[in-house]
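Asks: What follows is each chain in one-letter form.
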Amino acid sequence: MHNSTIAQLAEGLRAGRFSSLELTQAFLQRIERLDPGLNCYVTVTAEQALAEARAADARLAAGNAGPLTGIPISQKDIFCTQGVRTSCGSRMLDSFVAPYDATVVERFKQAGAVMLGKLNMDEFAMGSSNETSFYGPVRNPWDTGCVPGGSSGGSAAAVAARLTPGATGTDTGGSIRQPASFCGITGIKPTYGRVSRWGMIAFASSLDQGGPMARTAEDCALMLQVMAGFDERDSTSVDRPVPDYRAALGGSVEGLRIGLPKEFFGEGLDGEIATVLQQAIDELRKLGATVHEISLPNMGLSVPAYYVVAPAECSSNLARYDGVRFGYRCEAPKDLHDLYCRSRGEGFGAEVKRRILIGTYALSAGYYDAYYLKAQKIRRLISEDFRKAFEQVDVIVGPTAPSVAFKFGEKTADPIAMYLSDIYTIAVNLAGLPGMSVPVGFCGRLPVGMQLIGNYFDEARLLNVAHRYQQVTDWQTRAPEGCA
Amino acid sequence: MSLDSEAVKRIAWLARLSIDDDRVADYARDLSGILDFVEQMNAVDTGSAMPLAHPLDQSQRLRPDEVVESDQRERFQQQAPAVEAGLYLVPKVIE
Chain A
1 MHNSTIAQLA
11 EGLRAGRFSS
21 LELTQAFLQR
31 IERLDPGLNC
41 YVTVTAEQAL
51 AEARAADARL
61 AAGNAGPLTG
71 IPISQKDIFC
81 TQGVRTSCGS
91 RMLDSFVAPY
101 DATVVERFKQ
111 AGAVMLGKLN
121 MDEFAMGSSN
131 ETSFYGPVRN
141 PWDTGCVPGG
151 SSGGSAAAVA
161 ARLTPGATGT
171 DTGGSIRQPA
181 SFCGITGIKP
191 TYGRVSRWGM
201 IAFASSLDQG
211 GPMARTAEDC
221 ALMLQVMAGF
231 DERDSTSVDR
241 PVPDYRAALG
251 GSVEGLRIGL
261 PKEFFGEGLD
271 GEIATVLQQA
281 IDELRKLGAT
291 VHEISLPNMG
301 LSVPAYYVVA
311 PAECSSNLAR
321 YDGVRFGYRC
331 EAPKDLHDLY
341 CRSRGEGFGA
351 EVKRRILIGT
361 YALSAGYYDA
371 YYLKAQKIRR
381 LISEDFRKAF
391 EQVDVIVGPT
401 APSVAFKFGE
411 KTADPIAMYL
421 SDIYTIAVNL
431 AGLPGMSVPV
441 GFCGRLPVGM
451 QLIGNYFDEA
461 RLLNVAHRYQ
471 QVTDWQTRAP
481 EGCA
Chain B
1 MSLDSEAVKR
11 IAWLARLSID
21 DDRVADYARD
31 LSGILDFVEQ
41 MNAVDTGSAM
51 PLAHPLDQSQ
61 RLRPDEVVES
71 DQRERFQQQA
81 PAVEAGLYLV
91 PKVIE
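Chains A and B supply the protein sequences, listed in that same order. Under my numbering, the first residue of the first sequence is numbered 1, with each subsequent residue one higher. Under my numbering, the first residue of the second sequence is numbered 1, with each subsequent residue one higher.
Careful, some of the hints might be misleading.
Below, a sample of chain B positions facing chain A; criterion: calculated Cβ distance under 10 Å [said to hold, decoys possible]:
| # | residue |
| --- | --- |
| 1 | Ala7 |
| 2 | Val8 |
| 3 | Arg10 |
| 4 | Ile11 |
| 5 | Arg23 |
| 6 | Asp26 |
| 7 | Leu31 |
| 8 | Val38 |
| 9 | Ala49 |
| 10 | Leu52 |
| 11 | Gln58 |
| 12 | Val67 |
| 13 | Phe76 |
| 14 | Gln77 |
| 15 | Val93 |
Derived DSS-like pairs (lysine-lysine); straight-line CA-CA distance at most 30 Å [to be verified]:
| # | chain 1 | residue 1 | chain 2 | residue 2 |
| --- | --- | --- | --- | --- |
| 16 | B | Lys92 | A | Lys334 |
| 17 | A | Lys388 | A | Lys262 |
| 18 | A | Lys411 | A | Lys286 |
| 19 | A | Lys262 | A | Lys286 |
| 20 | B | Lys92 | A | Lys411 |
| 21 | B | Lys92 | A | Lys286 |
| 22 | A | Lys262 | A | Lys109 |
| 23 | A | Lys407 | A | Lys262 |
| 24 | B | Lys9 | B | Lys92 |
In short, the hints are calculated from the structure, not lab data. If you're wondering where the values come from, they're calculated on a predicted model, not measured in any experiment. For each residue, glycine too, the CB sits at the ideal point set by N, CA and C.
Excised from the complex, chain A in its bound form (with noise of 0.2 Å):
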């Protein structure tokens, strides 16, 4: 069962050939099996995947159930899980129990779905490579002498080692898009606004955008289904209707017009990583797309901006987290200051606090035009280079990442290195537009993404361009060694 995608599990459990409560036994068991060597678990939910099991299995006995009831998902940890404990990766959180459920996950409830557990991540979604959890780094199953890429690293993982069939992950300047290139599974990050941030922990609040990462796009077709849509408890979720993105993958793509930005196949690309993504645009080509060059002229700024803005809004984002209301609090404070500085001193990780300084630093007097404006007005000249490029193509192809996934410890001591791994993604959440990574082959053992860049609000268009990918390849079906 754990091979198989959600759409044929959801067949399975309405043809009646297992039940929701044996499909999420089997992958507890994989999970007690094979997650101590990858990591990609904060917490197992068994007690209550089970009990949600038996729900599901009534529903679809009784006839009302939706396309994911029954079927086992898995949750970043930065999603708040009412009576589980919601870390964020952070030992700021570690004891954290939310007393609420995220948008998203209560969406997932009523979709009746079943909660194995909750995912390990880089903290507070701050990293590429899921080195800065405070749980530890998740190991990338295809070697795992790799980071599976981060922040979502745990989804990826999970996901790609048939730990689950689906996760959730969230995605600021590429967290969905680069692990699911790392471990070779299939993600989309929304047109910013799409899904509720409401109970997501907040990280860059004009940036953060939750989505689902799965191994085709007619899953994520089928888990974005359930996410998307207006929240009135988030100011900043978009009121318009939600298509229906399952219909919506069949479509031909004859004609469609693919745009290759100059920018993202310069000397910064690995020449295997090149290679591969040929020959997947050339797959697309024979679907009978056209090929065209384009430009984004200011891509090169994408990443400075994004490490003022983002740095930044977490700065006063995290600002909530004095070890008074909620959270970490240190031993014996000898007065309040010592008791802010501290609690925060001590439950931050050394990325968390460098991020914190930086935004502090660029919003602090007499910086703020320099900074923070600065960025944003670069953030207005990218979008204009992404609106240009939409009035000569539909869809935007390059790579996800500039490399496959890298050894520990690789990229840890230099931060502007570790920052570079997402070149190839962060401008796209500078202008909020939607954004996907599907697997298109492998440099050695390890799997290569390419990423498709639409239009505001054009997920069904890249889930369908994807999902047409995906019926003449197979690269979505590899599993790694030891988890097929």
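Got chain A; can you put chain B on it based on the hints?
Replies: Chain B only, in chain A's frame:
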């Protein structure tokens, strides 16, 4: 842009973030590196570009000023490190 140890301590104080003395120099080096990197933004003249705060240029929604939330103080205070009689406890501020 280079930050020295004193600057790091000042920013850390603004952020109410304690940093071990033996790590201050490391932060000074890392933060200076990040600020140097960010300086690349100055390579382009952003002139009259409108700062982009929301990707869809959407403004905040308003709602009628009505009470919609109930009082859940006890529930939320279960998460607090120290409470008494419905109040959050912190070290004494005034002697």
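Asks: Now tell me if each hint is right for this structure.
Replies: Here is how each hint holds up against the structure:
{"no.": "1", "hint": "Ala7", "verdict": "holds, 8 Å"}
{"no.": "2", "hint": "Val8", "verdict": "holds, 7 Å"}
{"no.": "3", "hint": "Arg10", "verdict": "holds, 9 Å"}
{"no.": "4", "hint": "Ile11", "verdict": "holds, 5 Å"}
{"no.": "5", "hint": "Arg23", "verdict": "holds, 8 Å"}
{"no.": "6", "hint": "Asp26", "verdict": "holds, 9 Å"}
{"no.": "7", "hint": "Leu31", "verdict": "holds, 6 Å"}
{"no.": "8", "hint": "Val38", "verdict": "holds, 5 Å"}
{"no.": "9", "hint": "Ala49", "verdict": "holds, 4 Å"}
{"no.": "10", "hint": "Leu52", "verdict": "holds, 4 Å"}
{"no.": "11", "hint": "Gln58", "verdict": "holds, 7 Å"}
{"no.": "12", "hint": "Val67", "verdict": "violated, 15 Å"}
{"no.": "13", "hint": "Phe76", "verdict": "holds, 6 Å"}
{"no.": "14", "hint": "Gln77", "verdict": "holds, 8 Å"}
{"no.": "15", "hint": "Val93", "verdict": "holds, 5 Å"}
{"no.": "16", "hint": "Lys92(B) <-> Lys334(A)", "verdict": "holds, 9 Å"}
{"no.": "17", "hint": "Lys388(A) <-> Lys262(A)", "verdict": "holds, 15 Å"}
{"no.": "18", "hint": "Lys411(A) <-> Lys286(A)", "verdict": "violated, 38 Å"}
{"no.": "19", "hint": "Lys262(A) <-> Lys286(A)", "verdict": "holds, 22 Å"}
{"no.": "20", "hint": "Lys92(B) <-> Lys411(A)", "verdict": "violated, 44 Å"}
{"no.": "21", "hint": "Lys92(B) <-> Lys286(A)", "verdict": "violated, 72 Å"}
{"no.": "22", "hint": "Lys262(A) <-> Lys109(A)", "verdict": "violated, 44 Å"}
{"no.": "23", "hint": "Lys407(A) <-> Lys262(A)", "verdict": "holds, 28 Å"}
{"no.": "24", "hint": "Lys9(B) <-> Lys92(B)", "verdict": "holds, 25 Å"}
In terms of the numbered hints stated before, the structure departs from hints 12, 18, 20, 21 and 22, listed from lowest to highest.
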